[in-house]
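Protein sequence lines, in the order shown, are assigned to chains A and L. So in my numbering, the last spot in the first sequence is 345, and the numbers never skip. So in my numbering, the last spot in the second sequence is 633, and the numbers never skip.
The set of hints was computed from the structure by calculation and includes no laboratory data. All C-beta atoms, glycine included, are put in the ideal place defined by N, C-alpha and C. Each hint should be verified, as a subset may be incorrect.
Simulated restraints, written as ranges between beta carbons of each label pair [unchecked claim]:
#	chain 1	residue 1	chain 2	residue 2	range
1	L	478	A	306	48 to 58 Å
2	L	520	A	203	36 to 46 Å
3	L	421	A	35	49 to 59 Å
4	L	628	A	204	25 to 35 Å
Which stretches of chain L does chain A cover? Using the computed rule of at least three CB atoms under 8 Å from a CB of chain A, they are [said to hold, decoys possible]:
#	segment
5	435 to 441
6	454 to 464
7	541 to 554
8	565 to 577
9	615 to 627
Among the chain L residues that face chain A by a calculated CB cut under 7 Å, a handful are [to be verified]:
#	residue
10	425
11	428
12	429
13	447
14	451
15	531
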Amino acid sequence: MLNPIKTSFFQNVVKRIRLWGLAGLTVWMLAVPFLTSSNYFLFLMLQIFINTIIVMGLNIITGLTGQMHFGTGAIFSLGAYTSAIVTTRLGVSPWVGLLCAVLMGLAVGIGLGYPGLKVRGVYLWLITIAFNQVVNLLERNMVGLTGGTQGIRGIPYFSLFGKELSGSREIYYLYFALTAFIIYLAWRICHSRFGRTFRAIRDNEDSMSCNGIDIAQKKILAFIISTVFACFAGSMYAHCYNYITPNAFADLSTNYLVMMMVGGIGSIPGCVIGAAVITLLPEYMRSLQQYYWLIFSVITLLMTIFAPRGLISILTGDLEDSVLGRLQLRSKMGGEKNGQNNFEA
Amino acid sequence: MLEMLLQILVSGVAMGFIYALVGIEYTLVWNVTGLLNFGHDKFITLGAYLFVALLVKTLGLPLYLAAILSVVIMYFFGRLVSNGLFAPLSNLPPLYAITGTVMMGRIIYETVRIIWGVNAFTVLEWLSGTLNFGGIVITKANVAIIGASLVIVIGLQLFLQKTRLGTSLRCVAENKTATALMGIDVRKSTALTVGISAAICGIIGMLITPLYNVSGTMAAGIVTKGFASGVIGGFGYLPGTIVGGIFLGILEAFSVLVIPAVYKDCVSFIVMILFLIIQPKGLLGKGQ
Chain A
1 MLNPIKTSFF QNVVKRIRLW GLAGLTVWML AVPFLTSSNY FLFLMLQIFI
51 NTIIVMGLNI ITGLTGQMHF GTGAIFSLGA YTSAIVTTRL GVSPWVGLLC
101 AVLMGLAVGI GLGYPGLKVR GVYLWLITIA FNQVVNLLER NMVGLTGGTQ
151 GIRGIPYFSL FGKELSGSRE IYYLYFALTA FIIYLAWRIC HSRFGRTFRA
201 IRDNEDSMSC NGIDIAQKKI LAFIISTVFA CFAGSMYAHC YNYITPNAFA
251 DLSTNYLVMM MVGGIGSIPG CVIGAAVITL LPEYMRSLQQ YYWLIFSVIT
301 LLMTIFAPRG LISILTGDLE DSVLGRLQLR SKMGGEKNGQ NNFEA
Chain L
346 MLEMLLQILV SGVAMGFIYA LVGIEYTLVW NVTGLLNFGH DKFITLGAYL
396 FVALLVKTLG LPLYLAAILS VVIMYFFGRL VSNGLFAPLS NLPPLYAITG
446 TVMMGRIIYE TVRIIWGVNA FTVLEWLSGT LNFGGIVITK ANVAIIGASL
496 VIVIGLQLFL QKTRLGTSLR CVAENKTATA LMGIDVRKST ALTVGISAAI
546 CGIIGMLITP LYNVSGTMAA GIVTKGFASG VIGGFGYLPG TIVGGIFLGI
596 LEAFSVLVIP AVYKDCVSFI VMILFLIIQP KGLLGKGQ
């Protein structure tokens, strides 16, 4: 619902601020490897890039299409393991590993998409939880293939034009480019016919199938996009840390979900903000020590109830769907209800 | 050989009853509030910690008094959660509701970790030792699990089917609006149900204390299998959940004979996925 007070002049100003902000952010991102001497900070940025890509994928399946999905951590780990195993065992280039991870994502997406057609809501959630557990158990116990709890060591770095990108600065630029590409892709998907179809499936599946949309095909497509993104990120993870263990992937699914929901479900800038905030927060809240996770969980819980659209809804003042927004609206409209929350997930 | 098979059967049935209890506990909440309580493993953990850490280790109460007291505390904790958290969450779309319960679980886990530390501990004298039934050796823990579960299962069914209060709880699960129109306080009934569910969580926590060490993640494995038992028996249907749990326990115990023991946990998940895809109504065909 647009606020009638917002004039076109005001909107123009907002648009301009947004553009300049984006440009400034890009310049800062490009300059940051030269501004900081800390390798650790660059690695944090790499982690943000990887998380952003995964959250982009999760956003397409859960945020746009409204399908429950709790297997992101497992899919991410599958991508990482595929890439790692292919490059260490067969000795091929990491780029081939990346391709294999994407193919893995394709296969998993099709495999998970079909049950997704038969079951809905919490049942899909249960299936993906089970999938998560099975994958983690297999990775832990198939010692011959995955190295068991020891994990895989010595995964090669990406190389570009015959030069291995082993310095954190080079990796930073490569990953920045890859992430920018994926964000652009996700943005295009969101604002294309596909994105609108996904959203329509979320809002009303039956009416969409009445309008001649092939729900099954579209749902599987959404699943595939999300799993391919996650596997892509998994491969990036493997080739940036050179070393993976099953423990690193054990409890990630909740984290990605939290990133998406804290940032702003269904919104691309929101997801980027969420991924960045949740990745950086533990580093800058060291002073809270052991109380950090407790405080963080309480805040997330409160946000779930009072601002379900996440940080982005607070930043843009677009709070209609939140409880706070609903209360405001109710007082404006003299106690009338806002109607159905169309955000059925 | 026969004795070994019988022993496997008994331990399978015991685990099955644990899964069935988990199934009952979340099905109660699911039927009444429409929420899938993904924080329930932490409820179980909290029950175990209350019993072992607070009542036995810190206050030094006798074991059986501590057991009863921790169940009572868990009941009131459940009522608190129901009124304070499940009431607002059940109005939100499922995704938010699920995330809310997951976050609640995390809060409980972190609180427990801050209060009692990360080290696992155990009570040696609680349900330890074995009983010998004519050559078949069964651990006391398994006997206690089967006995206590039978009491809970039968007691709960009698309560729900035969008493006025139980009938009103079933009404709330069936149709909230109609129930409210009949003059039953839906909020109170919900609180009672969640309280019972939390009390069962407390009992599960105590029963599995001899099997697993008391630690923050002790219940993580069994709750997912609890979900599996619900799916296998028929989601949202209490007798189905019990059948599904016992079926799963026995299946899992005997699967060790066929596949390596490390993959035992996979069996239940794969069976659950198969059931969801092929027979979503469950074994008894009465699931939702």
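Tested hints:
A hinted range of 48 to 58 Å holds for the C-beta pair residue 478 of chain L and residue 306 of chain A, which are about 57 Å apart. Against the hinted window of 36 to 46 Å, the Cβ-Cβ separation of residue 520 of chain L and residue 203 of chain A comes to about 26 Å, which falls outside the hint. Checked against the hint of 49 to 59 Å, the pair residue 421 of chain L and residue 35 of chain A passes, with Cβ atoms roughly 55 Å apart. For residue 628 of chain L and residue 204 of chain A, the Cβ-Cβ distance of about 33 Å falls inside the hinted range of 25 to 35 Å, so the restraint holds.
Taking a C-beta to C-beta cut-off of 8 Å, the segment 435 to 441 of chain L contributes 5 residues in contact with chain A, enough for the three needed, and the coverage statement holds. For the segment 454 to 464 of chain L, the assignment as covered by chain A holds, since 4 residues bring a beta-carbon within under 8 Å of that chain's beta-carbons and 3 suffice. A count of 0 residues in the segment 541 to 554 of chain L with a Cβ less than 8 Å from any Cβ of chain A is obtained; the coverage claim is therefore unmet, three being the minimum. With a cut-off of 8 Å between beta carbons, the segment 565 to 577 of chain L has 4 residues touching chain A; three or more are needed, and the interface restraint holds.
Only residues whose C-beta sits within less than 8 Å of a C-beta in chain A count toward coverage, and the segment 615 to 627 of chain L has 6 of them, enough to reach three; the restraint holds. Against a cut-off of 7 Å between C-beta atoms, the interface hint on residue 425 of chain L is violated, since the closest Cβ of chain A lies about 15 Å away. Hint status for residue 428 of chain L: violated, given a least beta-carbon distance of 14 Å to chain A, over 7 Å. Violation of the interface hint for residue 429 of chain L is found here, the shortest Cβ-Cβ separation to chain A being roughly 11 Å, above the 7 Å cut-off.
Satisfaction of the interface hint for residue 447 of chain L is found here, the shortest Cβ-Cβ separation to chain A being roughly 6 Å, below the 7 Å cut-off. About 4 Å separates the beta-carbon of residue 451 of chain L from the nearest beta-carbon of chain A, less than 7 Å, and the hint is met. At its closest, the beta carbon of residue 531 of chain L sits 19 Å from a beta carbon of chain A; the interface hint therefore is violated under the 7 Å criterion.
When held up to the earlier numbered hints, the structure conflicts with 2, 7, 10, 11, 12, 15 and fits the remainder.
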